[in-house]
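Colleague: Letter by letter, the chains look like this.
Protein chains: 2
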Amino acid sequence: MFREKIKALDCTIRDGGLINNHQFDDRFVREVYKALSMAGIDYMEIGYKNSRKLFSDKEYGKWKFCDDDDIRKIIDGIESKMKLSVMVDIGRVDPEDVKPCSESPVDMIRVACYIKDVDKAIALVNAFSQKGYETAVNIMAISKVLDNELTEALQQLEKESRANVVYLVDSNGALYQEDIELLVKKAKSILKTKEVGVHTHNNQQLAFSNTIEGIIHDANYVDATVYGLGRGAGNCPLELLLGFLKNPKFDIRPVLDLISKEFIPLREKIEWGYIIPYAIVGMLNEHPRAAIAVRKTDKKDDYREFYESVKEVEA
Amino acid sequence: MFREKIKALDCTIRDGGLINNHQFDDRFVREVYKALSMAGIDYMEIGYKNSRKLFSDKEYGKWKFCDDDDIRKIIDGIESKMKLSVMVDIGRVDPEDVKPCSESPVDMIRVACYIKDVDKAIALVNAFSQKGYETAVNIMAISKVLDNELTEALQQLEKESRANVVYLVDSNGALYQEDIELLVKKAKSILKTKEVGVHTHNNQQLAFSNTIEGIIHDANYVDATVYGLGRGAGNCPLELLLGFLKNPKFDIRPVLDLISKEFIPLREKIEWGYIIPYAIVGMLNEHPRAAIAVRKTDKKDDYREFYESVKEVEA
Chain A
1 MFREKIKALD
11 CTIRDGGLIN
21 NHQFDDRFVR
31 EVYKALSMAG
41 IDYMEIGYKN
51 SRKLFSDKEY
61 GKWKFCDDDD
71 IRKIIDGIES
81 KMKLSVMVDI
91 GRVDPEDVKP
101 CSESPVDMIR
111 VACYIKDVDK
121 AIALVNAFSQ
131 KGYETAVNIM
141 AISKVLDNEL
151 TEALQQLEKE
161 SRANVVYLVD
171 SNGALYQEDI
181 ELLVKKAKSI
191 LKTKEVGVHT
201 HNNQQLAFSN
211 TIEGIIHDAN
221 YVDATVYGLG
231 RGAGNCPLEL
241 LLGFLKNPKF
251 DIRPVLDLIS
261 KEFIPLREKI
271 EWGYIIPYAI
281 VGMLNEHPRA
291 AIAVRKTDKK
301 DDYREFYESV
311 KEVEA
Chain B
1 MFREKIKALD
11 CTIRDGGLIN
21 NHQFDDRFVR
31 EVYKALSMAG
41 IDYMEIGYKN
51 SRKLFSDKEY
61 GKWKFCDDDD
71 IRKIIDGIES
81 KMKLSVMVDI
91 GRVDPEDVKP
101 CSESPVDMIR
111 VACYIKDVDK
121 AIALVNAFSQ
131 KGYETAVNIM
141 AISKVLDNEL
151 TEALQQLEKE
161 SRANVVYLVD
171 SNGALYQEDI
181 ELLVKKAKSI
191 LKTKEVGVHT
201 HNNQQLAFSN
211 TIEGIIHDAN
221 YVDATVYGLG
231 RGAGNCPLEL
241 LLGFLKNPKF
251 DIRPVLDLIS
261 KEFIPLREKI
271 EWGYIIPYAI
281 VGMLNEHPRA
291 AIAVRKTDKK
301 DDYREFYESV
311 KEVEA
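Listed in order, the protein sequences are those of chains A and B. Residue 51 in full-length UniProt numbering sits at position 51 of the first sequence, with consecutive numbering throughout. Residue 314 in full-length UniProt numbering sits at position 314 of the second sequence, with consecutive numbering throughout.
The following block holds chain A by itself, in its conformation from the complex:
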């Protein structure tokens, strides 16, 4: 698949940070930044821009806050054309913390929201857009959104927001390719002036195929992470995405090196990927929190019992 307009956004450090409270050290983040730059990735999302008034920096690492100066330490001296992105959550960002784009190393701000908070997301992206940033709204938990709710939200985003991109986020890892086809087609039909993006989770080993399905139906912004790193089952593996996208601007080799040197050792220390409790919440279309919790107990491999407990919540 070669389509010039496709933009690959790597969110390894941002989504991976959900596993370790954003405590990746500078050396590791620089290695990721360097490899992604060499690989020709379009955007790297480095973390969340949360207010320090709400979260303690004793508990959380610097990528929970993404101070401009901390970002500068990462990129200093590394040749790169890659843009940088940060994510904000509704109600957790202090817009005062966000300087004008011209004074910041950040290029894009993505606002993550549930469907009910689309109004608030629009207010935020419009403020950030005013400050000169590229912006996106990431609609989370899309597998739980009713069709009419989604229609209204997309119409409102098209009409009232200055977001450049609207992402559909399969937070539960529950969607099959038929669902992605319908959702992306719907989004494309309403968002005439914006790009559509997909962010998938890998609970059922469908993150990559669902990303391909999005691309087939003209989603041009796609998220991935190195070796699929991410909370729970993780995300679409960047290395697979690069194998699929035939754009010669991408080079898979720096990413392969990065996996060999950094991600194989990391996987010994923190857990993500295809693990049955995450598959179960995916197939039952539930949030991964129960699976994350059970993996911290001595019942982490009692899959039948976990399945029954999630079914019970459903019933």
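Since the hints were derived computationally from the structure, they do not count as laboratory data. You may find that some hints are simply not true.
When chains are identical, the list treats them as one kind, so a pair holds in a single copy or across two.
As the list claims (entries may be wrong) - Here are the simulated BS3-like cross-link-like pairs (lysine-lysine), alpha carbons at most 30 Å apart as the crow flies:
| hint | residue 1 | residue 2 |
| --- | --- | --- |
| 1 | Lys299 | Lys269 |
| 2 | Lys81 | Lys311 |
| 3 | Lys261 | Lys296 |
| 4 | Lys246 | Lys300 |
| 5 | Lys185 | Lys246 |
| 6 | Lys5 | Lys34 |
| 7 | Lys188 | Lys7 |
| 8 | Lys311 | Lys159 |
| 9 | Lys188 | Lys83 |
| 10 | Lys261 | Lys58 |
| 11 | Lys246 | Lys186 |
| 12 | Lys261 | Lys311 |
| 13 | Lys249 | Lys299 |
| 14 | Lys311 | Lys34 |
| 15 | Lys261 | Lys299 |
| 16 | Lys144 | Lys131 |
| 17 | Lys120 | Lys34 |
| 18 | Lys53 | Lys188 |
| 19 | Lys159 | Lys131 |
| 20 | Lys34 | Lys186 |
| 21 | Lys269 | Lys296 |
| 22 | Lys246 | Lys34 |
| 23 | Lys144 | Lys249 |
| 24 | Lys249 | Lys311 |
| 25 | Lys261 | Lys300 |
| 26 | Lys300 | Lys34 |
Based on the hints, put chain B in the right spot on chain A.
Modeller: Chain B alone, transformed into the frame defined by chain A:
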């Protein structure tokens, strides 16, 4: 997805046997047989029926030969409606070893062949069909087959063979869902009197989604293995397939138990699944043999070097 006609075939012991020379012990195979029976799986493929004149039983376990009496020891005393299948390779089976179906615990024989051997496959399936077995032809390495070759082979299978099912086998784990769509549609258009099946490999985490894609386009026979066990990257995970198929005859819970009790410990002893060298041969559409070889060396995690070496073979 609920479609009455879909038949799930589990080939855990057969395909998994390619990792350990078919040396699963009887206790393990009985546990698999019991769980699959309780789960309502339609067919279990237990191994290869190879000639003992060609292979030594010192080197290979009993599931390389699948003597009827060895199979009887597995199923004895376990309540089951599940049918049993064995696979044969062209040139490695002695048809004299195959008794009439009425005297054997085996219900189905699948003949694996490369496209050039379709003639020989037809002769074999017709002989086995004559003996009363359900039969299938599994066309391997489908990602390397030219369109006109495939057309001819399918026409010949439709006209001359008594096979009940023709499977398309993505041996290299190279196909994307667009490819599966085209191939299955093509097979369905030619094989008017037969069922179409898909057997996928998981090099690029696409085994499950490609199986779904096959189902969407009316492939009714689908292969899977417990926890995705299989040579190299492994196969479509049965537990995910059961989560997708909404047929109430299936019960995922015995499979979840089986994974907890048998497959989590097994994974500590033998390797399969998402491993970068298998992903690389998949994306470059090459046979996994080079990846299998490199995983046995001390360069098993030198991914860039492996990538360059496979690219070189290609060039």
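Colleague: How do lysine 249 and lysine 311 come out at 30 Å by Cα distance, when the copy is not named: within, between, both, or neither?
Modeller: Only across copies: lysine 249 and lysine 311 sit 18 Å apart there, 46 Å inside one copy, limit 30 Å.
Colleague: Please sort lysine 249 with lysine 299 into within, between, both or neither, judging by C-alpha distance up to 30 Å.
Modeller: For lysine 249 and lysine 299, the Cα distance is within 30 Å only across copies (28 Å; inside one copy 46 Å).
Colleague: At most 30 Å between CA atoms: does that hold for lysine 159 and lysine 131 within a copy, between copies, both, or neither?
Modeller: The answer is within: 20 Å in one copy meets 30 Å, while 69 Å across copies does not.
Colleague: How do lysine 269 and lysine 296 come out at 30 Å by Cα distance, when the copy is not named: within, between, both, or neither?
Modeller: both (14 Å within a copy, 24 Å between copies)
Colleague: Give the relationship of lysine 300 and lysine 34 under a CA distance limit of 30 Å: within one copy only, between copies only, both, or neither.
Modeller: between (36 Å within a copy, 24 Å between copies)
Colleague: Is it within, between, both, or neither for lysine 261 and lysine 311, if the alpha carbons may be no more than 30 Å apart?
Modeller: between (40 Å within a copy, 21 Å between copies)
Colleague: Between the shortest in-copy and the shortest cross-copy C-alpha distance, which are at most 30 Å for lysine 261 and lysine 296: within, between, both, or neither?
Modeller: Both: 27 Å inside a chain and 19 Å across chains, each within 30 Å.
Colleague: With 30 Å as the alpha-carbon cut-off, assign the pair lysine 261 and lysine 300 to within, between, both or neither.
Modeller: Both ways: lysine 261 and lysine 300 sit 29 Å apart in one copy and 12 Å across, limit 30 Å.
Colleague: Pop the pair lysine 261 and lysine 299 into one bin, within, between, both or neither, using alpha-carbon distances up to 30 Å.
Modeller: For lysine 261 and lysine 299, the Cα distance is within 30 Å only across copies (12 Å; inside one copy 32 Å).
Colleague: Checking an output row: lysine 144 and lysine 131, CA cutoff 30 Å. Within, between, both or neither?
Modeller: So lysine 144 and lysine 131 fail the 30 Å test inside a copy (33 Å) and across (52 Å) alike.
Colleague: Can you tell me if lysine 34 and lysine 186 fall within 30 Å by alpha carbon in one copy, between copies, both or neither?
Modeller: Neither. Shortest intra-copy (37 Å) and inter-copy (45 Å) distances fail the 30 Å Cα cut-off.
Colleague: Cα distance capped at 30 Å. Does lysine 120 pair with lysine 34 within a copy, between copies, both, or neither?
Modeller: Answer is neither: 35 Å inside a copy and 54 Å across each miss the 30 Å cutoff.
Violated hints for the displayed structure, listed by number in ascending order: 8, 16, 17, 18 and 20.
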